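S.K.: Could you fit the two chains together into a complex? Lean on the hints.
Chains A and B supply the protein sequences, listed in that same order. The first sequence: position 40 = 40 (the numbering used here), numbered continuously. Numbering-wise, the numbering used here comes out as the position in the second sequence, counting from 1, plus 113.
Keep in mind that the hints were calculated from the coordinates and are not lab data. Treat the numbers as computed from the prediction; the structure is a model and nothing was measured. Any given hint could turn out to be false.
Unchecked claim - Only pairs whose alpha carbons sit at most 30 Å apart, straight line, appear in this in silico BS3-like list of lysine-lysine:
| id | chain 1 | residue 1 | chain 2 | residue 2 |
| --- | --- | --- | --- | --- |
| 1 | A | K105 | A | K68 |
| 2 | B | K137 | A | K94 |
| 3 | A | K15 | A | K5 |
| 4 | A | K42 | B | K191 |
| 5 | A | K68 | A | K57 |
| 6 | A | K71 | A | K94 |
| 7 | B | K191 | A | K94 |
| 8 | B | K181 | A | K42 |
| 9 | A | K58 | A | K105 |
| 10 | B | K137 | A | K105 |
| 11 | B | K191 | A | K105 |
| 12 | B | K137 | B | K191 |
| 13 | B | K137 | A | K108 |
| 14 | A | K105 | A | K5 |
| 15 | A | K94 | B | K181 |
| 16 | A | K15 | A | K94 |
| 17 | A | K5 | A | K57 |
| 18 | B | K181 | A | K105 |
| 19 | A | K5 | A | K94 |
| 20 | A | K71 | A | K105 |
| 21 | A | K94 | A | K58 |
| 22 | A | K58 | A | K71 |
| 23 | B | K137 | A | K42 |
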Amino acid sequence: QQQVKQSPQSLIVQKGGISIINCAYENTAFDYFPWYQQFPGKGPALLIAIRPDVSEKKEGRFTISFNKSAKQFSLHIMDSQPGDSATYFCAASKEAGSYQLTFGKGTKLSVIP
Amino acid sequence: DAGVIQSPRHEVTEMGQEVTLRCKPISGHDYLFWYRQTMMRGLELLIYFNNNVPIDDSGMPEDRFSAKMPNASFSTLKIQPSEPRDSAVYFCASSSLVPDTQYFGPGTRLTVL
Chain A
1 QQQVKQSPQS LIVQKGGISI INCAYENTAF DYFPWYQQFP GKGPALLIAI RPDVSEKKEG
61 RFTISFNKSA KQFSLHIMDS QPGDSATYFC AASKEAGSYQ LTFGKGTKLS VIP
Chain B
114 DAGVIQSPRH EVTEMGQEVT LRCKPISGHD YLFWYRQTMM RGLELLIYFN NNVPIDDSGM
174 PEDRFSAKMP NASFSTLKIQ PSEPRDSAVY FCASSSLVPD TQYFGPGTRL TVL
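For reference, chain B alone in the conformation it holds in the complex (with noise of 0.2 Å):
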């Protein structure tokens, strides 16, 4: 398996244009999560699916982001307009059993200026 798979891996934006982040999640994992690693906040949740359905977004910072995942094999965040403060690596993992191994992506490192 080539493992959680993140596009793109990097993403330079302009503060207010539209930014989308991809993700495909570890082939027959249930759940798959979206975190944002910044050097003052640490790793954060933002958002979890099972089964395709968003479970808990209680970590979403506000309704510029927004998650989907139309299938198991498919998720995208959606920051709408960026800020300068979205500015992070964000990763996304998957796995079969919760709490168990949660495999982590390569991350996008998201840059807005």
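With the rest of the complex left out, here is chain A (with noise of 0.2 Å):
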């Protein structure tokens, strides 16, 4: 059962546009959402995350919108440059109880000159 659900699969944006990645969670006992940034032959890392008592996190270039009723949040790359073309996955996973991180499938972003 996937319980992240992550779109779209790749992603081609031009340099200085707006790159959208879209992620939808199942359990509604989910309460940490981050986002991982992972470049070819690395391991991924952390980018930026978000807890579900506010709709959005800024941090420089990059944004998380947060949806509760619609169990959903994005991630938002303004002014893409060449350097962002790396893959992104989002996560989801429970602050109590249980501390697995539940991946999305991840997006292969693009961002040509």
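M.R.: Take a look at the structure:
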């Protein structure tokens, strides 16, 4: 059972454009939602994370939008740069009890000049 | 800190052979995670440890897989006997607070012929 659904699988954006990646979750007990960034040949690295007490979190060019009622969250990359080309994973977990991060399948982002 | 260290980075072996993957977590981190990444299934948590004790091994695919953490600075993931369907990238990650940031190693790319 896939508990976190991520879309699109791949995304091509022009330099300077906005990249948007969406995730939906099923388990209402999830209360921690991180995004990880992975470059080829490297392990994933935490990019930004949100907890459901806020609807939006911004760090530089990266913003998470969170919709608790719809059980959806998304990553927006403003002014996308070629250096942002990577695979992005959304994830979800419960802070108490289980410490398992459930990952989405990933989105391969290509930012073209 | 050197980050999470994994060895070997690449492993090619023949079906039926024993494979041992190694991980050194970041010093001071209490949690250690083993993940497997494939195109088909994405990132899957296999097992995680807290203070060297296995907490949840429900993701271990079958009895051919075993993991140990004899001390706070070393963990192994063993596959015996290996099969071609075990071919994947195996990541080790560690964290000091869960579900706070998990720091991933560079991964071991395993190919079973």
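S.K.: Kindly indicate which numbered hints from before are broken by the structure, ordering the numbers from low to high.
M.R.: 16
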